[in-house]
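Protein chains: 2
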Amino acid sequence: MTTDAKILAALRANPDGVSGAQLAEQLAISRAAVWARIDDLRKVGYDIEAGPHFGYKLVASPDALHADDLLARLGKTKVVGRDIQVFEETTSTNDVVEKLARDGVKEGVVVFAESQTKGRGRLGRVWQSPTRKGLWFSVLLRPNLRPQETTQLTVISATAMRRAIKTVTGLSADIKWPNDLLIGGKKVVGILTEMSAEVDRVRYIIIGIGVDVNQGMAEFPEELRRLATSLKLETGEEVCRGELATEIMRELDRDYARICAGKFPEVADEWEAACITMGRNVTVHTGDRKFRGRAESLDDDGALLVRTEHGHLERIIGGDVTLEK
Amino acid sequence: MTTDAKILAALRANPDGVSGAQLAEQLAISRAAVWARIDDLRKVGYDIEAGPHFGYKLVASPDALHADDLLARLGKTKVVGRDIQVFEETTSTNDVVEKLARDGVKEGVVVFAESQTKGRGRLGRVWQSPTRKGLWFSVLLRPNLRPQETTQLTVISATAMRRAIKTVTGLSADIKWPNDLLIGGKKVVGILTEMSAEVDRVRYIIIGIGVDVNQGMAEFPEELRRLATSLKLETGEEVCRGELATEIMRELDRDYARICAGKFPEVADEWEAACITMGRNVTVHTGDRKFRGRAESLDDDGALLVRTEHGHLERIIGGDVTLEK
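Here the protein sequences line up with chains A and B, keeping their order. So for the first sequence, this note's numbering puts the first residue at 2; every next one is plus one. So for the second sequence, this note's numbering puts the first residue at 2; every next one is plus one.
Worth flagging that the hints you see were computed from the coordinates, not collected in a lab. There could be a bad hint or two in this list.
Said to hold, decoys possible - Below, a list of computed lysine-lysine pairs in the DSSO-like style, where the Cα atoms sit at most 30 Å apart:
1) Lys264(B) with Lys291(A)
2) Lys107(B) with Lys100(A)
3) Lys100(A) with Lys100(B)
Based on the provided sequences and hints, a complete structural model is requested.
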């Protein structure tokens with residue numbers, strides 16, 4: 002952790018205040034250096050009060066994401082969030098992480114952007130990423146998996162996201178196969194999993210996640226208003242993006258550890274319980290095929306098993322699955 | 002085709018010579034321009050005679066690969082070789098093609114290097130690529146396949162390579178699953194198939210191929226001499242690399258068209274007939290597992306089906322498969 006991250010961590014751990022002397026001792030720097038760092042944090046929007054009785058006290062944090070603050074909030078994880086980068090604007094956070102991956106960076110790095118000029122969704126679609134209204138981020142992982150097992154990562158992304166949203170907002174999201182989170186039938190999270198692989202070996206995986214957090218209805222394009230929502234629209238109040246981001250990384254780290262330990266079936270059970278696709282009649286579009294059937298279950302690799310109208314069991318790993326009314 | 006490529010194509014089509022006037026008319030340039038191009042081709046090693054009776058005549062080509070010459074030799078193909086680039090030295094031709102792929106270049110481009118400083122084999126292994134002794138090249142493809150179907154491309158690479166070697170040298174190579182070509186039990190071709198993909202959709206595939214063509218025994222590292230061979234060692238004479246490269250692209254184009262037309266089973270039959278792995282007892286190393294069994298057949302996606310000692314049928318898509326004596 003950087004010095005700023007350590008100061009923010011200490012301030013958050015001591016909501017009633019912490020003295021400059023204590024901070025200086027903990028961080029092994031001078032009290033003047035503490036003061037200088039605090040002053041810099043104020044300049045980027047942290048409201049830190051100072052007083053003779055309580056020392057320093059964090060009163061309010063800026064809405065902007067701050068890598069040091071995210072590290073401070075997150076604390077120690079196994080893999081996810083070992084390194085955090087925040088960009089004001091990028092083309093797509095997946096692009097940034099791809100570059101890091103190709104440069105040989107270790108797994109676990111998470112890249113956030115306050116806005117994306119070319120946010121991507123599945124199947125080459127555009128993803129809207131308005132400035133500071135949501136969380137737009139990507140995670141680099143290097144799991145020991147084969148290409149056809151990578152649906153496991155889409156599955157854990159959904160379960161981790163769902164628990165994080167529950168913890169921070171109290172909202173229960175539904176999972177729509179393969180990777181959308183819906184609240185009240187409207188999409189609130191999209192996940193795009195990309196990989197670089199040999200035929201039999203994944204080299205790296207990039208999980209790109211978009212969460213609609215604080216948009217008002219007017220901030221969604223007209224054509225999305227019936228289909229999409231934000232956490233703010235659902236709870237009626239602003240959601241702290243830093244807190245949500247931290248909780249997501251923590252839960253994702255936990256589920257990644259579960260699949261690395263061979264416990265994917267356990268995550269899959271949790272996923273199925275939250276999935277509104279199971280047991281429903283669906284229309285499947287995959288490549289140039291289209292057929293109807295009933296979604297029955299998830300297999301060991303995270304593929305959806307659909308019983309067709311003709312009684313065959315089809316294994317679906319992608320494409321569009323539409324729920325019938 | 003470039004003007005140089007057109008001139009070389011005309012010279013090859015007319016082994017007894019072609020007049021400057023004819024060339025100028027065919028290419029719609031002046032006779033002086035023809036002369037200037039011929040002069041440039043001589044400078045890069047083409048031995049082109051000129052005489053009042055026969056005009057221009059191609060007497061000998063340099064050993065070096067030349068993009069224009071490869072285009073001229075290849076003529077029209079559907080996809081593979083629509084664009085050809087030759088580098089004197091690269092890290093790895095797969096790296097060059099990956100960059101092209103990310104820049105949105107269309108499928109079919111083939112990149113050759115006269116030497117590679119960081120040639121790669123499967124599973125992160127090093128591939129030796131001595132200058133002008135072999136063919137070290139990569140092909141960009143954008144097939145409409147899912148990640149688990151990409152073994153199809155490894156399969157067509159092997160069948161195409163095998164036919165090209167037969168045509169040019171008369172040698173019959175055996176295929177060892179998944180992607181080695183052997184002559185007399187020694188490896189002569191290695192293929193590395195890499196991809197960029199979403200979970201359910203391939204974005205692009207890079208087939209990297211290394212062919213040991215003109216090495217003498219002394220040019221193989223000591224530890225490879227019992228395991229590897231070159232076409233020159235097997236035929237007893239130098240093989241024209243330009244001719245072989247052209248034939249490989251032609252055959253690869255043909256087999257790629259076959260799988261795009263849904264005829265993978267047809268290629269798979271050809272592959273199985275040439276495969277020395279089928280019907281043999283094998284030891285399989287895949288990830289951290291190791292087991293013995295009998296290789297039975299190839300499935301629809303190009304995976305190897307192995308009957309284990311315990312009677313189970315295992316579907317193998319990667320790892321190492323060693324033939325037992």
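Query raised in the report: Which numbered hints turn out to be false for this structure?
Result: Hint check: nothing fails, all pass.
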